[in-house]
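Chains as they are written, first to last, in numbering that gives the first Met the number 0: chain A, 0 to 296; chain B, 0 to 296.
Please note: incorrect hints may appear among the correct ones.
One copy or two, either will do: identical chains are not told apart, so a pair holds if it fits within one copy or between any two.
[Claimed, not checked] In the SDA-like style, the derived pairs of lysine to any residue whose C-alpha atoms are separated by at most 20 Å in a straight line are:
{"id": "1", "residue 1": "K209", "residue 2": "G136"}
{"id": "2", "residue 1": "K112", "residue 2": "A206"}
{"id": "3", "residue 1": "K161", "residue 2": "R134"}
{"id": "4", "residue 1": "K209", "residue 2": "D150"}
{"id": "5", "residue 1": "K227", "residue 2": "G14"}
{"id": "6", "residue 1": "K209", "residue 2": "R146"}
{"id": "7", "residue 1": "K42", "residue 2": "E288"}
Derived by calculation from the structure, the hints in this document are not laboratory data.
Number of protein chains: 2
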Amino acid sequence: MTTDGDIRVGFIGLGIMGSAMAENCLQAGFPLTVYNRTLDKTKPLRQAGAAVADSPAELAEASDVVCVCVTASEDVLSVVLDAENAVISGVRPGAIVVDHSTVAPSVAGRCTKELAGKQAGFLDAPVSGGDVGAREGTLSIMVGGDREHFDRSLPVLEAMGKTITHCGGHGAGYTVKLCNQICGGLHLIAAAEAIRLAEASGVDLSAMLKAVSSGAAGSWMLSNLAPKMVGGDYRPGFFVDYQLKDLHLAAQAAHELSVPLPGAALAETVFRCASAQGHGRDGTQAVYEAIRRLGNG
Amino acid sequence: MTTDGDIRVGFIGLGIMGSAMAENCLQAGFPLTVYNRTLDKTKPLRQAGAAVADSPAELAEASDVVCVCVTASEDVLSVVLDAENAVISGVRPGAIVVDHSTVAPSVAGRCTKELAGKQAGFLDAPVSGGDVGAREGTLSIMVGGDREHFDRSLPVLEAMGKTITHCGGHGAGYTVKLCNQICGGLHLIAAAEAIRLAEASGVDLSAMLKAVSSGAAGSWMLSNLAPKMVGGDYRPGFFVDYQLKDLHLAAQAAHELSVPLPGAALAETVFRCASAQGHGRDGTQAVYEAIRRLGNG
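Given the sequences, and given the hints that come with them, work out the whole structure.
Encoded structure:
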């Protein structure tokens, strides 16, 4: 954690991730202004000392670094550029808008270009590590954009994450997050299929997980979410529907680049099955149910 | 490492894995007899103090624990049961045959039954961790079979591995190894696709790997073999053709059990592409070439 009282931070989008990340900015000593579409989510942060803005524009007027954490590409474009009282209509020269959402890489180009017209910067900076990482300030943050903007925003990013990586120019952060979601999605399916094979063979599942996790076939998902598959604990860390959204973004990016990605396509399909079967608001480990439902399990 | 001079160990199959595992048995103080189809591979172990047997039967006559490490189901059945001078024709009452090969789970049933007729035990005990794990004695060993046989063999297994897991009755070790190979195979494909997307997007590949490895989408493969994909280093730790063989065993087991495993099926297909394209004797990281060849990369 770092303290830099000179940087005034704004935070737009106080969902599970955003509210914990904003809280960590406050704890690190940054003067904080927050905005959320539904006002009641601002209450805990207001009580902790944050100012509450009436619009993204008003928030931007009061901020040197404007963090955004919303859901879809349209949400980012709306709150930063297109809506009445969007960030761009209040943003200060020299300010930097940092988007933590997971959206299409092309969003970064438009935001960077239009904010540059106001002498403001833009970084795409999606995060990995779930609600636990957001609360504990241990997120992995993947950043695309201008190096100088990255350096200036770093004290704020360091209040929210542990591994902060500058991945390249605008869009590189969004792209790396999609790479991350391809890996995470396939690792979950691998874990689900390993459990199905072991289960159908009558093998002790916890022994299987212990043996596989400890070797060259181990993954974070196998260590952390596979035991929840075995236990039927589908409480969400990260929603099936969000993983599906991200895998669909990866498929769109792959389409635009003419890059065939058969594993990512399979992962998207299996997560779409899980969602269609009613698991959209369960945790991603519920993809195990989609694998099970393919057969007689 | 443990020392137990009372257990006489035999080791059949001195490939890359077997020779290193046998060496560790010798280092741990076990009197060792070895056998290999091609005699010259026994030389380094003979020089280090091992006896060399003329046949599996002769080796079995001199051993309390008979370790086997060969390639295919037919090889195990031949050397343990079916060949002239197979292990079974020399095995001592009370001895235990421990097979470290990765083969079909059904092999364990036949070996267990036929060896029981000679008052000998059988454990299926395939390993994970590659040539490095074999040399350093840090393998993960997944064991199926009788608990009492497991306990008696444990000092020998501890000379070769670090994580030794009793997974259930006969065949459970083989099955868990197939679960392991499903995970490892899919993790390699995930890494390859993440690299392809990042590469086509112009993103710095080492930054991508660093960011993804450190979060919830991390895996052993991503940390250890993905950098070799990026560097074009296809020197084998584990052959593409062996991974393909193991994924095919998983597909056969899934077929016999009527368990649909779409990810494992995709992994088998992609590894078959890599093999068909001439990468069979490259390391498994060469599956990246099969993903690349799907498009224009």
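Results for each hint:
1. K209 / G136: For K209 and G136, only the inter-copy Cα distance (18 Å) is at most 20 Å; the intra-copy one is 28 Å.
2. K112 / A206: neither (54 Å within a copy, 24 Å between copies)
3. K161 / R134: within (12 Å within a copy, 35 Å between copies)
4. K209 / D150: Answer is between: at 18 Å across copies they meet the 20 Å cutoff, but 41 Å inside does not.
5. K227 / G14: For K227 and G14, the Cα distance exceeds 20 Å both inside one copy (24 Å) and across copies (39 Å).
6. K209 / R146: between (42 Å within a copy, 18 Å between copies)
7. K42 / E288: neither (37 Å within a copy, 53 Å between copies)
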